[in-house]
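> Chain by chain, the residues:
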Amino acid sequence: MALSIPLSLLVLWEVFSQTSILSPRYFPPPTLVAATLTRLLAGGDLWGETLVTLNRLAIAFVLAAAPGVPAGLAMGLFRPVRYAIEPYLALLYPLPKIALLPLLLIVLGVGEKAFILTGAISAFFQIVISTLGGVQTMDPRLLEVGRNYGARGIALFRKVILPATLPAILTGLRLGLGLALIAVIAVEFVTAKSGLGHLVFRYWQMLLTAEMFAAFVLVGLIGLAFTRGLRALQRRTLAWKEEIGWQ
Amino acid sequence: MSWIAVASPLLLLVGWEIASATGLLRAVFFPRPTTVAEHFLRLVVDGSLPHHGGVTVMRVAWTVLLATPPAVAVGLAMGISRRTREGLDPLFAVIYPIPSVLFLPLISFLLRSAEAALVVTGAITPFFLVAYTTMTGVQQLDRTVLEAATHYGARGWRLFLKVLLPGTLPFIFTGLRLGLGYALIVLIAVEMVSARDGLGALLWLSWGILKVEEMYAALVAIALLGAFLTWGLGLLRARLLPWVEDVAGTAR
Amino acid sequence: MPPLRSPKVLIREVSVVFKGRGSGLLALDRVSLEIEAGEFLCLVGPSGCGKSTLLRVCAGLIPQTSGEVTIQADRPGAPLTAMVFQEHALLPWRTVLDNVVFGPENRGVPEADRYARGREMLALVGLTPFAGAYPHQLSGGMKQRVGIARALANDPEVLLMDEPLAALDAQTRTIMQEELLRIWAELGKTVIYVTHSIDEALLLGDRIALLTARPGRLKQVFPVALGRPRGLEVRASPEFGALVDKIWAELREEVLRTMREEEGTRR
Ligand SMILES: Nc1ncnc2c1ncn2[C@@H]1O[C@H](COP(=O)(O)OP(=O)(O)OP(=O)(O)O)[C@@H](O)[C@H]1O
Ligand SMILES: [Mg+2]
Numbered sequence: 001m002a003l004s005i006p007l008s009l010l011v012l013w014e015v016f017s018q019t020s021i022l023s024p025r026y027f028p029p030p031t032l033v034a035a036t037l038t039r040l041l042a043g044g045d046l047w048g049e050t051l052v053t054l055n056r057l058a059i060a061f062v063l064a065a066a067p068g069v070p071a072g073l074a075m076g077l078f079r080p081v082r083y084a085i086e087p088y089l090a091l092l093y094p095l096p097k098i099a100l101l102p103l104l105l106i107v108l109g110v111g112e113k114a115f116i117l118t119g120a121i122s123a124f125f126q127i128v129i130s131t132l133g134g135v136q137t138m139d140p141r142l143l144e145v146g147r148n149y150g151a152r153g154i155a156l157f158r159k160v161i162l163p164a165t166l167p168a169i170l171t172g173l174r175l176g177l178g179l180a181l182i183a184v185i186a187v188e189f190v191t192a193k194s195g196l197g198h199l200v201f202r203y204w205q206m207l208l209t210a211e212m213f214a215a216f217v218l219v220g221l222i223g224l225a226f227t228r229g230l231r232a233l234q235r236r237t238l239a240w241k242e243e244i245g246w247q
Numbered sequence: 001m002s003w004i005a006v007a008s009p010l011l012l013l014v015g016w017e018i019a020s021a022t023g024l025l026r027a028v029f030f031p032r033p034t035t036v037a038e039h040f041l042r043l044v045v046d047g048s049l050p051h052h053g054g055v056t057v058m059r060v061a062w063t064v065l066l067a068t069p070p071a072v073a074v075g076l077a078m079g080i081s082r083r084t085r086e087g088l089d090p091l092f093a094v095i096y097p098i099p100s101v102l103f104l105p106l107i108s109f110l111l112r113s114a115e116a117a118l119v120v121t122g123a124i125t126p127f128f129l130v131a132y133t134t135m136t137g138v139q140q141l142d143r144t145v146l147e148a149a150t151h152y153g154a155r156g157w158r159l160f161l162k163v164l165l166p167g168t169l170p171f172i173f174t175g176l177r178l179g180l181g182y183a184l185i186v187l188i189a190v191e192m193v194s195a196r197d198g199l200g201a202l203l204w205l206s207w208g209i210l211k212v213e214e215m216y217a218a219l220v221a222i223a224l225l226g227a228f229l230t231w232g233l234g235l236l237r238a239r240l241l242p243w244v245e246d247v248a249g250t251a252r
Numbered sequence: 001m002p003p004l005r006s007p008k009v010l011i012r013e014v015s016v017v018f019k020g021r022g023s024g025l026l027a028l029d030r031v032s033l034e035i036e037a038g039e040f041l042c043l044v045g046p047s048g049c050g051k052s053t054l055l056r057v058c059a060g061l062i063p064q065t066s067g068e069v070t071i072q073a074d075r076p077g078a079p080l081t082a083m084v085f086q087e088h089a090l091l092p093w094r095t096v097l098d099n100v101v102f103g104p105e106n107r108g109v110p111e112a113d114r115y116a117r118g119r120e121m122l123a124l125v126g127l128t129p130f131a132g133a134y135p136h137q138l139s140g141g142m143k144q145r146v147g148i149a150r151a152l153a154n155d156p157e158v159l160l161m162d163e164p165l166a167a168l169d170a171q172t173r174t175i176m177q178e179e180l181l182r183i184w185a186e187l188g189k190t191v192i193y194v195t196h197s198i199d200e201a202l203l204l205g206d207r208i209a210l211l212t213a214r215p216g217r218l219k220q221v222f223p224v225a226l227g228r229p230r231g232l233e234v235r236a237s238p239e240f241g242a243l244v245d246k247i248w249a250e251l252r253e254e255v256l257r258t259m260r261e262e263e264g265t266r267r
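Residue numbers (our numbering), protein chains in the order written: chain C, 1 to 247; chain X, 1 to 252; chain P, 1 to 267.
None of these hints come from the bench; they were simulated from the model.
Note that the coordinates shown come from a computational prediction; the quantities given were computed from them, not determined experimentally.
A few of these clues could be false.
[Claimed, not checked] Covered stretches of chain X (in silico footprint by chain C; criterion: 3 or more residues with CB under 8 Å from a CB of chain C, positions within the stretch not fixed): (1) 182-193; (2) 201-207; (3) 221-229.
[Claimed, not checked] List time: in silico SDA-like cross-link candidates among lysine to any residue, alpha-carbon distance up to 25 Å: (4) Lys113(C) to Trp16(X); (5) Lys241(C) to Glu87(P); (6) Lys211(X) to Arg26(X); (7) Lys159(C) to Phe130(P).
[Claimed, not checked] Residues from chain C that keep clear of chain X, each with C-beta distances beyond 10 Å, as calculated: (8) Thr19; (9) Asp45; (10) Glu86; (11) Pro102; (12) Asp139; (13) Ile185; (14) Phe189; (15) Phe213; (16) Gly220; (17) Arg235.
Virtual Cβ for every residue (Gly too), placed ideally from N, Cα, C.
Just need the whole structure built from these sequences, with the hints factored in.
Right, here's the structure in full:
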């Protein structure tokens, strides 16, 4: 029974909360949370906030991936490019990107641009790093195969380098999306006045705990759908690989 | 060729300096690098950067201390026993993708102390990452090595200390390295919303009162902290595990 | 007098220095060899003596530091070389058949033609049922055969084979040696073949070139005066045994020298 542990935890929570061993004010019983979630979804409020978050996430992701993958490839293929960009990468990759939010708020004003860009920058560096790593750890013999069997220039890139790097690129995109989600939710939690992250924050401040948990569960479901979906996509695209680890 | 690696940031800084000095960049938003450096130094001398930096570093240390031992234990259990793995997997799969900032409200209901809530929130993602990489580490251990070890009398604690732990240590380290990055995001974010000290709070407060130069100084401090942690962990790994390279790519 | 003709492959005074710490590493030292059209030349020598390096120079994958390699092109449009790599080096994202047609595809051979040729070569190595499989689904021996089919499908002037059977178990290797003899008899290609096994070199080769321990110099070339067509039974003949002993005596010296040197560098 694969779901026995989560289910028994939920049942325990329900019992503890109903019997007030766990304060129902702070930890409302799961049944109440479920009911609240259905009510909020039926009312339509939650959909609107969900769409706001997803919209920010989508734009941030595209803004990160579109330059990120080419940048990573260029760094891997052309040494001067790598040398020129590497110092920034070394300093900015470990920087928690949420710290750039105030700067972006100052430069771009308080608004969508700054929120989305924080998410985009979070994903961008991960995508660059993963792509670059993919090029660098590529089996050099495959390059020799390409050259010995007449693949040159664009053909070598398209037929050997790109497919060899694809697993790393997809991993980078998946991690990047996760980081963008973290950043967008954090920005909403910290400062934006809309989105699921903000909703959790607002319900927290108003001590509407059932609503807070409902929004929380929704974020969890979205996260789960994303990880599952992307992993399935990765598995399908990379049918030629023996296995993909637990991730 | 690596002169480019020196020239490129140098050029950027000089260009920035000139651009803000001449008004090409609005100095209100983009103060000159030298001005930022000045403020950085001033904040170091008056003790506020060391104070806030120290607070954040302590919090990072606590998240690591809180997350690692239980994560390693759970990861080993999941790696060794299939039942444990299959039992915990669905739970992990649901909780792990939730951005952990959102756990702050929940955890602050559970814990009285705001400080404790902050640190525990930061420890969530590292916990999952270390648990997962440890599990992967156990799974990749050569079955025959385990068999040989038991055959030569390593059981229980011995097996753990002499085979399991050293064999999975590179993976634990990778989990820590990745986890530290995520912990830092969460800690800074939470400091921004709810703390009175720490680099995230300093950053957020100086933005709030539009002290742009100080905001930049705080940002530089956070960047340095991030780079320093990565570097330090790399050094530690080279010390403790001279025989392995980082097993990146096995994690997440 | 026979008509004057140039050899198929002319390797003249080829030296290769790998740049690195200090003065660099001299991998090959003025190696000269001539290989006739249709000849099967085996290259043996201790590990690290530069056999793979010599093949890579012939394939144009790395430049020689000095000297020259000339390959006589007889058929316009045909690639000069096709390499069978030491560890198969198949493209993991391509199916077996798509790996085999990789060379013709890059030369712009029309799809129908190249797939026809690819299937033919797959049949030759006995892998027709696996045309649609991915490399990771094959055993080591099968992968190596795909590598050989890939090289044959490109129909090169010269076939370069770098220990193609080294990774195989003894039984599979024996089978593959017979296969190679059959395929070579059928296609009559010029082959440069690297191997660690004197037996294998004698079984397959017309001549055997022995390289010295690093830096690789040409130590001696042994003609193999065993008749053709050759089968596994030649291994039982007294000439075979005598030749093995003779080559081993020379090779042994070089292998011992390598081991002594490695010992020296470790201290
Ligand atoms: N790209 C390279 N850069 C530097 N040194 C190299 C390179 N390739 C090979 N070498 C060195 O050149 C020498 C010859 O290598 P090579 O691979 O040609 O040997 P080999 O005879 O094929 O050995 P083996 O039988 O083990 O395959 C070795 O000492 C090797 O370390
Ligand atoms: Mg070799």
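> Determine for every hint whether it applies to the structure shown.
Do the hints match the structure? See the list:
Counting residues of the stretch 182-193 of chain X whose beta carbon lies closer than 8 Å to any beta carbon of chain C gives 9, which reaches the threshold of three, so the coverage claim holds. For the stretch 201-207 of chain X, the stated coverage by chain C is satisfied: 4 residues place a CB nearer than 8 Å to a CB of that chain, which reaches the threshold of 3. Counting residues of the stretch 221-229 of chain X whose beta-carbon sits less than 8 Å from any beta-carbon of chain C gives 5, enough to reach three: the coverage restraint holds. The suggested pairing of Lys113(C) with Trp16(X) holds, with an alpha-carbon distance near 23 Å, which does not exceed 25 Å.
Of the supplied pair hints, the one linking Lys241(C) and Glu87(P) holds, its CA atoms being roughly 18 Å apart against a limit of 25 Å. A C-alpha spacing of about 15 Å is found between Lys211(X) and Arg26(X), which places the hinted pair at or below 25 Å, so the restraint holds. Restraint check for Lys159(C) and Phe130(P): satisfied, since their Cα atoms lie roughly 22 Å apart, inside the 25 Å limit. The Cβ of Thr19(C) sits about 18 Å from the closest Cβ of chain X, beyond the 10 Å cut-off, so the non-interface label holds.
Listed as a non-interface residue, Asp45(C) keeps its Cβ farther than 10 Å from every Cβ of chain X; the least gap is roughly 18 Å. Not every Cβ of chain X is farther than 10 Å from the Cβ of Glu86(C); the closest lies at roughly 6 Å, contradicting the non-interface assignment. The Cβ of Pro102(C) does not lie farther than 10 Å from every Cβ of chain X; its closest approach is about 4 Å, which violates its non-interface assignment. For Asp139(C), the shortest C-beta to C-beta distance to chain X comes to about 14 Å, beyond the 10 Å cut-off, and the non-interface label holds.
A beta-carbon of chain X is positioned within 10 Å of the beta-carbon of Ile185(C); the least distance is around 4 Å. Listed as outside the interface, Phe189(C) is inconsistent with that label: its C-beta sits roughly 5 Å from the nearest C-beta of chain X, within the 10 Å cut-off. In this structure Phe213(C) is not separated from chain X by more than 10 Å, as the shortest Cβ-Cβ distance comes to only about 8 Å. At roughly 5 Å, the least C-beta separation between Gly220(C) and chain X is not larger than 10 Å, which violates its mark as non-interface.
Chain X leaves Arg235(C) outside its interface by the beta-carbon criterion, the shortest separation being 16 Å against a cut-off of 10 Å.
In this structure, the hints that do not hold are numbers 10, 11, 13, 14, 15, 16, in rising order.
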